[in-house]
Each structure stands twice: as C-alpha cells, then as structure tokens.
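Add chain B to chain A, keeping to what the hints say.
Line by line, the protein sequences give chains A and B. Residue 266 in my numbering sits at position 266 of the first sequence, with consecutive numbering throughout. Residue 571 in my numbering sits at position 193 of the second sequence, with consecutive numbering throughout.
If you are wondering where the hints come from, they were derived from the structure by calculation, not from laboratory data. Here a beta-carbon is modelled for each residue, glycine too, at the ideal position from N, C-alpha and C. Don't take every hint at face value.
Here are the simulated DSS-like cross-link-like pairs (lysine-lysine), alpha carbons at most 30 Å apart as the crow flies [what the hints assert, rightly or not]: (1) B:K502 <-> B:K400; (2) B:K502 <-> A:K159; (3) B:K538 <-> A:K159; (4) A:K159 <-> B:K466; (5) B:K400 <-> A:K166.
On the chain B side, residues computed to face chain A include the following (Cβ under 8 Å) [stated by the list, open to error]: (6) I488; (7) T531; (8) Y532; (9) G550; (10) V553; (11) E562.
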Amino acid sequence: MYVSHLQLADYRSYEAANLELEPGISTFVGPNGQGKTNLVEAIGYVATHGSHRVANDAPLVRRGAERAIVRAAVVRGDRRAVIELEINPGKANRARLNRSAGTRPRDVLGILRTVLFAPEDLSLVKGDPGERRRFLDELLVARAPRYAGVRSDYERVLKQRNALLKSASARYFKQRAEPDLTTLEVWDQHLAEAGAELLGARLVLAAELQPLVEKAYGELTSSAGSPALHYRSSAVEEGDELPVDRPQLVDVLRAALAEARPQELRRGVSLVGPHRDDLQLRLGDLPAKGYASQGESWSFALALRLAGFELLRADGDDPVLILDDVFAELDSERRRKLAEHVRTAEQVLVSAAVPGDVPPELMGARYRVREGTVERER
Amino acid sequence: MYEGAVQNLIDELGRLPGVGPKSAQRIAFHLLSAETADVKRLVGALVEVKERVRFCSVCGNVAEESECRICRDPRRDTSVICVVEESKDVVAIERTREFRGRYHVLGGAISPIEGVGPDDLRIKELMTRLADGQVTELILATDPNLEGEATATYLARLLKPLGLRVTRLASGLPVGGDLEYADEVTLGRAFEGRRSLDF
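Bound-form chain A, shown alone (with noise of 0.2 Å):
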C-alpha cells in the first residue's frame, strides 16, 4: 500500500498543506524544526491514531487553532480510500472514509498500516518495560484491529479495579475496615478474563518476532551475540512456563491475584496483569539494557522494527516504511545496510537535515520543507 496524498490543517506547523506522494521512495529534506517530523507524523498518527513523538493529542494541533485535520488517501492494490482524523484534543476525534460522515475512528484503524523508524526507538532497547509493551500492542492493532478494544477493554477494567484497590486499602488504614472481598473478586475475574486476552496475544507475537529479529539483526550488523526476546510476565515467577490456551491463561492470572493480593491492598494498585509485564530483550546470556553498546542497541531496536514490517509484510501487504531523521544516529555501515533492506518496500517515506546523511540508494523523489511549506524538487 502507499499514501499517495496527504492534506493536512492546523496540524502542528502547518496551516494547511497538500502534498502529492508517489510509491517508492520520497526523501523529506530541510535544516531542523521546518515541519519533516510533522508530515511523518501525520502519516503515522492515520495509521495508529496516536503520535510516535508525544503521548497526548494536544501538542499536534496548531497554537491557536481548536482542532487539527489530517487527510490521507491510502492506495492498496487498485482500490483507492481516503481517510479523515479530526483531532479534538481531550475530546473524542471524529473520522470520515471517503468523505462519508458517521464513521467512527476504530473504523478506519488498520485500513493504513505503517512501521515507522526515529531516534526515540532507541528507548525500545534502553527505556521502560512500557515502551515495549507499545511496541507489541501497536503491532497487535496493526495487525488486527480488534486488539484496539481488547487494549482498551483491559484498560477499563484496570482503573475500575485501582479505584477499588486504593479506596479499600484507605479504609483499611483509616478504619481497620475489612475490604470487601466479594467485589474485589469480581473484579478479579473480569481482570483475568480481560488480560487473558492480551497477554494470549502477546506471547504469539512474541514467539513470531523471535525468528524476524534474529534474522533482521544478522543482517544489519557482524558482530556476534544473537537477540533474543523473552515476554516477562508479572503472574509468573522468572523461567515458569505461560500456557498458550486462554481458559488456562485465565486460570494463572487468577491465582497470580489471589497471591498478590494482600500486597495489592497494602499499596491501593494491581500489581498482576499485562500492565506490568515487559518483553525483555536479550543479546546472548546478557540482557540488552545496560550491557548492550549504543551500535548494538541501535541494531536491536531496528530489529525489532523491521521484524514488525516483516510481519506485517507477510500477511499480504506492504505497510508503509516512516524513517524519520534516523539516520543521523547510524554509522555508515548500518545505514547503508538498513537502506539495502528497506528499499524494497512499496512506499518508503525518509526524513532527513542532511541530505549526505541517506544512502544514496534511498535517495528517490526529493521535497524540500522549509517554514511549514513542502516543495518538489525537480
């Protein structure tokens, strides 16, 4: 699939933009804080519905404005769909697909699929067990879109059972009031049932990747040492084996709750479930955050990135490839060696401040971005 249009309003820098795109390679260029990301983004958050850069939706609507519009129209095969996102920070965005009102955002979530690449990856190796559990949840909904309410269901329950947590242990110190177990078990089992599912998901994307990033790292880099991806969970112990069937899935969370519980009570949180699991990444015996040098960490996180586009490759249909300002972070072995594997993909969009930094092999279409506005060069 490729973006061959993007059309953008009040989205960060950009009053308006309007933007041709063509499959193959199109390489953004201009000095920093001109509006690259910007575009790259807007690609991406059509794909996600969210920013790889922030967490929130406020920083991407233009100072001033009230709502950002971004419009994409997406070419799969010989079929044509334009997708609109309107972004109404702290409100629910609103969606249309070929310009028919009445979608809803979910609606349109998988229609363009798009792995991106920028310097923040890094933090897949070196950050917090979330940025990893982004990173497969994100896959997840790439893949099947079904996993965005999956992913928001567990989230639901989640707070419920926080709020019931925190309000019991308050009584507790305050009153040495027994907590009401009965609801709590409740709660439990709709946790269990909710978590069973994501963590069911992850553990089969987790065992997919493995041989995708092996491959991927072996090919980006010579040095020795082979990657290797172990999903931690939090209702096991370290080495104990998940069962794959979700009833037993289920089973395990539930014990792993009555075990947590007393400590639960005490600190008012859940403690068991997906939200505290981490997919922990290993280079030989040694874990990669910490022992891994910057190079390897640099090649484990494109790993990770491109066994993504792998995967989604191979359900049928290229996603679109975002390297936004990657380069400038590589040595010129891995990026000559990173552009080798990526140009192949039906849309590579790269953004860059220093044009000497891309290969010359992804150099294609060339759109020079200066002060919010885009050009082609010619």
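Just chain B now, with coordinates in the frame of chain A:
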C-alpha cells in the same frame, strides 16, 4: 451573562443531563416567550413529580403509592424476578410484553471509579425479597457493559448458595440487522452464546 432571573434559569437548566450552555439558553428564551399558562403547567408537573412520585418499597421502581403498579398486580408471576439497573430499564422490558414476572431496580451498577459499591445498590432489599423462598428464578438484566457485567457477576456469586436458577440476558446480534455490520465484540459474543437448533 444575562441579568438576574434569566441567568439563574439558564444556570439551572444547564445542570440537567444532556443540556449544554447553548441549549440551556435556547430553552430559557423559549420559556420566556411562551404563554404563562404553558409555563405554569410545566412548573406544576415538576413540583408534582417531586411531591407525588416515590420509589416502590418492594422493587425500587418509580411509583405513586407505596408499591408500584407491577408489584401490586396480582396477575404477575411472583416466582421470577428480573434485576435491572434503572427504572427506565423496567419500561424498556415492559414494552416487549414478554416478561410476566416482577422486577428489582438496583439503582445503578458497581463502579469503583464513581464510588459505587454493592452497599450503594439495593442488593440487601433483593436478598430480603428472596428470603421466603417464593422466587425460583432470577434474571440478571444489567447493561451489557463492563460495570453491568461486573454487577451481574457479583450477584451471581452472591446468589449461588441460595440454589436459585440465575440467568443472564443473552447478548448478540440485533434483530433485523446485517451480520456484516456487527462489530467484532458483539459478533464474538453472539458466537459464544450460540445455541443448537432442534427440530
């Protein structure tokens, strides 16, 4: 900002559910230009609803006497109770004319975020009603959302020792709709709740 009385009215209307500041202003000016008799009738209806309407001492439904119309009706089946969240759910089920038992209105659903626990719902009253052994089936008709499901689970657990037949309303595909338009969750539920066709 308008002067005194008009602004007061807009503020009061704005507190109603589903009425924003713009609608409040529109309703206020509509009332201002309406006939005095019409406005008096509205005032009368408002006062009357607060003075006359109370909640049924048995089921918690809205009533004008100490017991509601349904609880007083001797033709209703006393062996079945349908548990709902709000009085308006009673009205919805009554419209089907499928159910001939009685109701029990909980007054909400369990939601820790909003500080609503089992003690805030009319669950004790329900247990009292079940004490004499007349009721043999309980239908849990709370909303099919997370809070409604949690409430149903809670009640099912609580009622288990009583040995009653406890059922939950089915959820699934809307009648007259197209399968292709159903969302994944609804369709998934419909699959879970499928039944065999016996002839």
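Status of each hint after checking the structure:
At most 30 Å may separate the alpha-carbon atoms for a hinted pair to count; K502 (chain B) and K400 (chain B) exceed this at roughly 42 Å. Distance check on the hinted pair: K502 (chain B) and K159 (chain A) sit about 26 Å apart at the alpha-carbon level, within 30 Å; holds. Of the pairs offered as hints, the one joining K538 (chain B) and K159 (chain A) holds, with about 27 Å between alpha carbons and a cut-off of 30 Å not exceeded. Distance hint between K159 (chain A) and K466 (chain B) is fulfilled; the C-alpha atoms sit about 27 Å from each other, no more than 30 Å.
With a C-alpha separation of about 38 Å, the suggested pair K400 (chain B) and K166 (chain A) falls outside the 30 Å cut-off, and the hint is violated. The beta carbon of I488 (chain B) comes within 7 Å of a beta carbon in chain A, closer than 8 Å, and the hint placing it at the interface holds. Proximity of T531 (chain B) to chain A holds as hinted, the smallest CB-CB distance being about 5 Å (cut-off 8 Å). Against a cut-off of 8 Å between C-beta atoms, the interface hint on Y532 (chain B) holds, since the closest Cβ of chain A lies about 5 Å away.
Proximity of G550 (chain B) to chain A is violated relative to the hint, the smallest CB-CB distance being about 17 Å (cut-off 8 Å). The beta carbon of V553 (chain B) comes no nearer than 22 Å to any beta carbon in chain A, farther than 8 Å, and the hint placing it at the interface is violated. Interface hint at E562 (chain B): satisfied, since its Cβ lies 5 Å from the closest Cβ of chain A, which is below the 8 Å cut-off.
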